[in-house]
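Protein chains in written order, with our numbering: chain A, 1 to 393; chain B, 1 to 111.
Don't take every hint at face value.
As the list claims (entries may be wrong) - Cross-link-like lysine-lysine pairs, in silico, BS3-like; alpha carbons within 25 Å at most:
#1 Lys155/A x Lys36/B
#2 Lys2/B x Lys29/B
#3 Lys153/A x Lys62/A
#4 Lys50/A x Lys62/A
#5 Lys155/A x Lys2/B
#6 Lys2/B x Lys153/A
#7 Lys2/B x Lys36/B
As the list claims (entries may be wrong) - Some chain A residues well away from chain B (every beta-carbon gap over 12 Å; in silico):
#8 Leu77
#9 Pro111
#10 Lys155
#11 Tyr338
It should be emphasised that the hints constitute simulated quantities derived from the structure, not laboratory data. We put the beta carbon where it would ideally sit given N, CA and C, even for glycine.
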Amino acid sequence: MIEQIYREERGRLLAALVHRFGDLDLAEEVCADAVEAALTTWPRDGVPTKPGAWLMTTARRKAVDRLRRDQTYAARLAVLAAEGERHEPAPELDEGLPDERLRLFFTCAHPALAAEDRTALTLRCLAGLETPEVARAFLVPTATMAQRIVRAKRKIREARIPFRVPGPDELPERIPGVLQVVYLVFTAGYADDRVDLAEEAIRLGRILHRLLGNREVAGLLGLMLLTHARTGTVPLEEQDRTRWDADLVAEGTALAEAALTGGPPGPYGVQAAIAALHAEAPSVEETDWPQIVALYEVLHRLSPTPVVALNRAAALAMRDGPEAGLAALPADAELTGYPLLPATRGDLLERLGRTEEAVACFEEALRLAQTDAERSRLRNRLDRIGQNTKLTE
Amino acid sequence: MKYMLLIFAGTDVTEPECTFEDWRVWDEKLDDAGIKVSGESLADLVTATTVQVRKGAKTVTDGPFAETRELLGGFVVIDVPNLDVALEWAASCPGSHDGGAVEVRPVADLG
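Take the sequences, apply the hints, and build the full model.
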C-alpha cells in the first residue's frame, strides 16, 4: 500500500519540490528524505488522509534543515532568488500536491541535453527509477548511466535550463522531444520483455495526456495501449487475438481516432492508426492491408527513416505479395546491425519458397540480435524451417 | 546570468536570407531589452593569426584556429534569466541563419 502511494506520489512530489526550490539536486535529496520518513512513520502511525501534503510539509522542513547546514545550496538559492526566478507563491498545502510534473517532463527532455541523457533523467525523475534500474533498461553499466544523469543535472544547473512548460508558440517544437523520450522507454521495455518498463511508459503517457491536451500525445498513448493490448511480443501472425485486452484496444483505438481528427496527422497518430487497424482485424489475412500501406506512405512522408521504409515494405508484401516487399526493402547500408531487416527479408524469402536464402537471412538476424527474447524467437523460426524441410524431404 | 553568443558565419551561402538591416534590427532589439553586456564584430578572417605554444615552443600561423566551414565572425554577451531566453535570442540572431551557427555558452561564475 505504501509502495503504491510512493510510486504515485514520488514524481509529483519531486516536481513540486523542483518548482518550489528551483534546484533539482536539492529537490531529489529532500524528496528521498521525506519518503524515507514516510516509510518509517506510516507503518507505525497509519497512512495520513492527505499523503501528498504530508510528504510536501516534511520535504520542505528537511529542505530548511539542509539549507541551514549546507552553504552551497544556500548560496545557489540566494542567487536564484536575487534574479527573481521564484516570483510565484508557494503551492497551497491544503489542496494537496499541485501537478508540476509537466514542467519536469519538459526540462528532462530539453533539447539542450544530450539525447541519451534525456531518457535517463526522465526515468529517474518522473518514473522514480533508481539509477541501476535505468541502466538495466538501456543495457548499459550502472556507472555509465550514473555519469549520464550527473552530466544532465550539471548541464541543467550550470547552463540554467529553466523548469518551465514552454509557451504556446514553443510547444509544437518541444512536444515531439518529450514524446520521443516516453516512446523510447516503451520500446526499451518491449525489446527485452520488460513489461514493467513498458507499463511505466504508459503511465507517463497517461500523465502527459491528462496534463496536455494535444493530438500527438493522444496518438502516442493510443499507440502504446494498442501495442500493449496484444499478447506479449510474439509476431502478429502468431498471436491469439481472442486474448487481446479488449478494453485497451477500445481505449487505444479511440485515442488513435482523436489523434487524426481536427488537423494534419503527426507520426504517432499515424502509427496509432496502423496499430488500430491491426487490432480490429480478426486475423492477419483479413487485415486491411491497402489502408495500412496508405498509412505507411503518410508516415514515410512525415518520418522518412529506414525503419519506416522497412515496415512499409512488410505491409506492401501483404498487399502485393512477397516480391513487392523484397523490392521495397531499404538497403543494408541504411540499417546495418538492425536484426529486423534480415529477419524480414528471411520471412519474405521463405514465403517465396527460397528456403536456403531464408535460412541464411535468419542466421544473420540471429547474429545481430541483442536480446534473449529476439534470439529465442529467431531460433524457433529456424527450427520450424528445419522441421518443414524434413517433412517435405 | 551571462551568456556569450558566439556567432559563426556560414561560408558557402549563395542566397543569404538575412541582410545588413536584419543585423541592425537585432542589435537594436538587444539594446532596447537592456540585456547586452558587450559585443563586437570581428574584422575579416584574413586578418586572423593563431598562436600555439607546445612544450615551450611557440608557433604562429596565418588564419583562424578552427578548420571548419563556419568561422567566428563576432560575439555578444547578454544577461538574461535562463537558457531558454538566451536560446531565443540566438534563434532570432541572423548569425544562426544562412548556414551559420550561434553557440551559446554560459559565462563561468568564478566569483
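Proposed proximity, Lys36/B with Lys2/B (alpha carbon, max 25 Å): Status holds; Cα separation ~9 Å.
Non-interface claim for Tyr338/A, where every Cβ of chain B lies beyond 12 Å: Given a closest Cβ separation of 31 Å, the condition holds.
Does Lys155/A pair with Lys36/B here, judged by a C-alpha cut-off of 25 Å? Answer holds: Lys155/A to Lys36/B is near 23 Å, not above 25 Å.
Lys153/A and Lys62/A were given as a pair; does the straight-line alpha-carbon distance stay at or below 25 Å? holds (21 Å)
Non-interface claim for Pro111/A versus chain B (Cβ beyond 12 Å): Incorrect as stated: the minimum Cβ-Cβ distance to chain B is 9 Å, not above 12 Å.
Taken at face value, is the distance from the CA of Lys29/B to the CA of Lys2/B at most 25 Å? Holds, at about 17 Å.
Tell me if the straight-line CA distance from Lys155/A to Lys2/B falls inside 25 Å. It holds: about 15 Å lies between the C-alpha atoms, which stays within 25 Å.
Minimum Cβ separation between Lys155/A and chain B greater than 12 Å? It is violated; Lys155/A is separated from chain B by about 9 Å at its closest Cβ, not greater than 12 Å.
When you look at the beta carbon of Leu77/A, is every beta carbon of chain B farther off than 12 Å? holds (15 Å)
Holds or violated: Lys50/A and Lys62/A, Cα atoms, limit 25 Å. Roughly 19 Å between the alpha carbons, so the hint for Lys50/A and Lys62/A holds.
For the pair supplied as a hint, Lys2/B and Lys153/A, confirm whether the alpha-carbon distance does not exceed 25 Å. holds (19 Å)
Hint violations for this structure: numbers 9 and 10, all remaining hints satisfied.
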